[in-house]
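J.: Now for the letters of each chain:
Protein chains: 2
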Amino acid sequence: MDGAAVPARPSGLSAYVAVSQALGLTLLLSTGAWLGRYRGGLGWHSALQINVHPLCMVLGMVFLQGDALLVYRVFRNEPKRSTKALHALLHGLALLIALVVIAVFESHRAKGIPNMYSLHSWCGMAAFVLYLLQWLLGCGFFLLPGASFSLRGRYKPQHIFIGIALFALSITSCLLGITEMLLFNIRDSYSRFVPEGVLANTLGVLLVAFGLVVSYVLTRDEWKRPPLAEELALSMDFKTLTEGESPDGGSQ
Amino acid sequence: MDGAAVPARPSGLSAYVAVSQALGLTLLLSTGAWLGRYRGGLGWHSALQINVHPLCMVLGMVFLQGDALLVYRVFRNEPKRSTKALHALLHGLALLIALVVIAVFESHRAKGIPNMYSLHSWCGMAAFVLYLLQWLLGCGFFLLPGASFSLRGRYKPQHIFIGIALFALSITSCLLGITEMLLFNIRDSYSRFVPEGVLANTLGVLLVAFGLVVSYVLTRDEWKRPPLAEELALSMDFKTLTEGESPDGGSQ
Chain L
1 MDGAAVPARP
11 SGLSAYVAVS
21 QALGLTLLLS
31 TGAWLGRYRG
41 GLGWHSALQI
51 NVHPLCMVLG
61 MVFLQGDALL
71 VYRVFRNEPK
81 RSTKALHALL
91 HGLALLIALV
101 VIAVFESHRA
111 KGIPNMYSLH
121 SWCGMAAFVL
131 YLLQWLLGCG
141 FFLLPGASFS
151 LRGRYKPQHI
161 FIGIALFALS
171 ITSCLLGITE
181 MLLFNIRDSY
191 SRFVPEGVLA
201 NTLGVLLVAF
211 GLVVSYVLTR
221 DEWKRPPLAE
231 ELALSMDFKT
241 LTEGESPDGG
251 SQ
Chain P
1 MDGAAVPARP
11 SGLSAYVAVS
21 QALGLTLLLS
31 TGAWLGRYRG
41 GLGWHSALQI
51 NVHPLCMVLG
61 MVFLQGDALL
71 VYRVFRNEPK
81 RSTKALHALL
91 HGLALLIALV
101 VIAVFESHRA
111 KGIPNMYSLH
121 SWCGMAAFVL
131 YLLQWLLGCG
141 FFLLPGASFS
151 LRGRYKPQHI
161 FIGIALFALS
171 ITSCLLGITE
181 MLLFNIRDSY
191 SRFVPEGVLA
201 NTLGVLLVAF
211 GLVVSYVLTR
221 DEWKRPPLAE
231 ELALSMDFKT
241 LTEGESPDGG
251 SQ
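Keeping their order, the protein sequence lines are chains L and P. Heads up: the first sequence begins at 1 in the UniProt record's numbering, then just goes up one per residue. Heads up: the second sequence begins at 1 in the UniProt record's numbering, then just goes up one per residue.
Please keep in mind that the hints were generated in silico from the structure rather than gathered at the bench. One or more of the hints may lead you astray.
Since the list gives no way to pick out one identical chain from another, each pair is judged satisfied if it fits inside one copy or across any two copies.
Stated by the list, open to error - The calculated lysine-lysine pairs, modelled on DSSO-like cross-linking and capped at a C-alpha distance of 30 Å, are:
1) K224 <-> K84
2) K224 <-> K156
3) K224 <-> K80
4) K111 <-> K156
5) K80 <-> K111
6) K84 <-> K111
7) K111 <-> K224
Work out the full structure, taking the sequences as your base and the hints as a guide.
T.: This is the structure:
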């Protein structure tokens, strides 16, 4: 930091981030407990293949996606370029894990069940395809050279809005998946409050809670990442050169 | 307006609001078409009582709630007090219509089905109770006298965040309800892409689209309601008097 004073972390931010991580880990444990205790566990070359799908979606499309969104708040005093690379890396990892969506297609093929007929599949596939597109556009605009400062500045608010919207859509798709799985497997006993139903409902509530805490951290104005001193100086130079808007000068 | 020039409406806002209203009306028509064409229509003292629930939820908890959120953007040049009253009125109307949730309890009682066991009911009831609480707190803080300017200023960002989050949760609950209703009624034919399944899925996609357009309008910085000249003067007076923050001076 060249001896410069590190700006203090805003009060409350660490507590909210800690809660989000505790919720994220609880999500993974609850999903594991549900699949392990009531759905026979995991497997690829067996009828258990379908169970890989919910675990990978909660890990990739929820936990990792949420953490990728949080990096600008958590690593607020690191250079922007490193934070941006970590943001892209975590989203990329989330996408790779979410690719296990093919487990469902494989499992459906083995059982002769058609694909893409349910609202869950429509929402989930839309979330996945748009997430991939958003990642590619994000890399193209913000990581690779080529996009002008003013173009980046115009695209950035859309990138942020779509990012949070896709996170919400991913969580919604998970809730739809939980409901489908319960109604396919325990339709007759679900209304008797059997433990599997209560556990899976609780997983749904935890997913909503994780989404709320992450979105709150992301949208609270005072917690946005302020530009570091050197970024501010650099962006002023660019502004003078281009007479355009500086996307990196503002908080993200 | 005492001869003062009316500030121009930001470019694009009217188009987005028009799209939101077209989507909202299409939502209502699609729900009506689904219930009328495939679920036997509406009725209170019959087995059709359960059908009143989805229509009222789409009308109250989605369309009216969305429109109530938009009033600060649409009536941006009206006095704040009138806009605030309309905001509270539309939310109150949405709540009244959503009260028809009792249709489900009545229908379940008649058929001997337990209540509140599904993830849809957990999310839906949470959305309704928190929405009622948010409305009461909103009236208490912003409509009734009593809350200090600085207290209003501290509560306002929370009120806005929770408002958008509850809107998203309401839409998610509707999607869960659609999935439940389809799996209870057309479980065996759903995977054959029967028209009822495709129509209800399309309704789900329209609900997501309505949520996205409304949220985009609400969160776009340039479209926030700027304080009118007289509000700015008034808030400066209060600021001088109280040395505190002015919640009405900022944009909402």
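J.: Determine for every hint whether it applies to the structure shown.
T.: Going down the list of hints, with the structure as the test:
no., hint, result
1, K224 <-> K84, "both (14 Å within a copy, 28 Å between copies)"
2, K224 <-> K156, "both (14 Å within a copy, 18 Å between copies)"
3, K224 <-> K80, "both (13 Å within a copy, 28 Å between copies)"
4, K111 <-> K156, "neither (44 Å within a copy, 53 Å between copies)"
5, K80 <-> K111, "neither (49 Å within a copy, 60 Å between copies)"
6, K84 <-> K111, "neither (43 Å within a copy, 56 Å between copies)"
7, K111 <-> K224, "neither (48 Å within a copy, 52 Å between copies)"
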